[in-house]
Every structure is written in structure tokens, then in C-alpha cells.
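**Student:** If you read the protein sequences in the order shown, they are chains B and G. For the first sequence, our numbering assigns the number 433 to the initial residue and increments by one for each residue that follows. For the second sequence, our numbering assigns the number 8 to the initial residue and increments by one for each residue that follows.
Wrong hints could be hidden among the right ones.
To be verified - Here are a few chain G residues that face chain B, going by a calculated C-beta distance under 8 Å:
no. : residue
1   : Leu18
2   : Arg63
3   : Ala125
Said to hold, decoys possible - Here are some of the chain B residues that sit facing chain G, going by a computed Cβ distance under 7 Å:
no. : residue
4   : Leu446
5   : Ser512
6   : Ala514
7   : Gly524
8   : Ala552
Quick caveat, the hints were computed from the structure, so don't treat them as lab data. On a predicted model such as this, the values are computed, not experimentally measured, just so you know. Note that beta-carbon positions come from the ideal geometry of N, C-alpha and C, so glycine has one too.
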Amino acid sequence: MTEFTPIASTLGGLLIGTASATLLLLHGRVAGISGIVGALFDPSTADRSWRVAFVAGLLATGAIAYALVPASFGDAGLTSPAGLVVAGLLVGVGTRLGGGCTSGHGVCGMSRLAPRSLTATALFMVVAIITVFITRHLVG
Amino acid sequence: MTDPNKVLAFLDIAGRWDPSLAFVMGAAILVYAPAYRWSRTRTKPAFDRAFHLPLRRDLDPPLVLGAILFGVGWGLAGFCPGPALVSAMSFRGDAVLFGAAMLTGMGLFTAWQRARTAARHRTTAPQRPGSSP
């Protein structure tokens with residue numbers, strides 16, 4: 433259904449790795465999006481400015497990218513508003529409860545061979561694969 | 008990753024599988040792992056007094072449950088937090104709705120977490136005078 437794009441994917445990954453390494457070496461922080469954003473919801477979080485700056489960069493790039501290459505943005509896996517809300521809530525709650533997502537656990541944590549990240553990544557990968565199998569091959 | 012179809016095609020191992028996402032994560036780790044190893048030789052990052060890295064190594068139920076919930080949500084919509092925020096800037100309806108729900112979920116979790124901490128403090132509050140020998 434989608435083409436294998438090894439070069440673009442590798443380039444994208446190199447950028448992500450570079451960005452994460454930059455945050456680590458300059459500010460000593462893990463580039464875990466769910467953690468960076470999630471902590472902003474807690475009023476007791478003191479270190480807010482770097483988080484806001486990071487998110488601002490993320491959002492600004494999104495706007496620029498959409499203006500320049502709108503085709504790189506695609507439709508979500510489901511169309512029903514209720515489904516999107518449920519999926520969003522699951523991702524929001526799950527990443528905070530589990531302490532990370534594909535960037536924090538997947539890239540940063542696995543690079544450190546952190547047991548919590550190796551476990552979490554393996555788990556959310558397997559569960560996501562099962563979820564897709566059910567929705568694409570068992571139901572509907 | 009701003010195209011959920013590519014993400015879902017990677018997760019769809021029984022269908023027309025697209026391994027591209029593995030190259031994304033692999034390339035990212037290829038850069039980050041050496042950078043992390045080098046950071047271990049430094050006492051502090053360039054612009055801060057110390058590194059702020061997670062130290063825990065134990066596995067606990069929240070980690071497992073959280074990963075499962077995230078996996079389901081990700082497998083349903085094909086969005087994870089970073090791309091969700093980036094895609095929301097396209098103002099496409101599905102991305103915005105997902106993003107809003109995701110932020111709501113994060114907010115709800117924080118509220119629940121704070122309520123639990125407050126409750127714990129109340130139950131360990133000092134006893135009233137004269138109520139114990």
C-alpha cells in the first residue's frame with residue numbers, strides 16, 4: 433500500500449538522531465516528545481522554557497513542511513471522530529503512564545540499552561502490530 | 008511518520024509490509040548511540056549544569072500498561088506524539104482531533120497523578136493532638 437523508501441527514511445532517521453543528540457549534548461535532556469510535552473501540563477514543572485522552545489520548533493517545522501510538501505502528510509488510520517478521540521486519549525495516557533514513546537523509549541532509551549525502554553518499545557511495537565492485524569485483517 | 012499510512016504499513020506485517028519505519032528508527036539510533044556514549048565522558052552538557060537522564064532500571068506495572076495503551080492507540084490511528092503535533096499544523100481534521108485528544112489524555116493523566124499524590128499526603132498527615140498515647 434505504501435512504497436518502500438529506504439533513502440528518505442534513513443535521511444529522516446539521521447535527522448531525528450541528530451536532533452536528539454543535540455538536545456542531549458547541549459541541554460542534557462532526553463528527546464522524548466511525550467515527556468517534553470507532558471511535563472508542561474504539571475504546574476509544578478519548573479523547567480518550562482526549553483520545553484516550549486522545543487515544541488515551538490516542532491510546530492513551526494510542521495507548518496513550513498506542510499506549506500512546502502503537503503503530500504508528505506497523510507490521513508489517519510481511522511476516520512470516525514470517536515475512533516480518533518479514543519486513539520488520541522490512549523496515546524496521551526499511555527505514553528505518560530509508560531514514561532515515553534517512540535522517541536523517548538524507542539530512539540533515546542534503546543540507544544542506551546535501558547531495560548525500561550527496551551521493554552516498553554518491544555511491548556508497544558507488538559501491541560501496535562496486533563492492533564493493526566485485528567483492524568485490517570480480522571474486522572471489516 | 009506524518010503519513011500514518013507508512014506507519015501502519017510497517018505495522019501491518021500480514022499485509023503489504025513496508026519496512027521503511029525500521030530504517031527511520033535504525034538511522035536515528037545509529038546517530039544517537041555514539042553521541043550518548045560520548046556524553047558519558049562529559050560531566051555536563053554544554054548549556055546546563057548537569058545531565059537529566061532517567062535513572063530507573065526496574066520494570067513496573069505502569070510501564071507495561073502504558074506501553075500497551077500507547078500501542079493500541081498508535082496501531083489504531085498511526086500517529087505517535089511527535090508526528091501528531093507536526094501533522095496538527097496542517098490543520099487537517101483527523102490530525103487536529105487526534106492531537107487534541109492526545110493532549111487531553113496527557114492532561115487527564117497529570118491531573119490524576121497530582122490527585123493521587125495529594126491523597127497520599129493527606130493520609131500521612133500528623134495525627135490530631137490527644138488521639139494517640
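**Student:** State the violated hints by number, sorted upward, taking the hints as numbered earlier in the document.
**Tutor:** The structure breaks hints 3, 5, 6; every other hint is satisfied.
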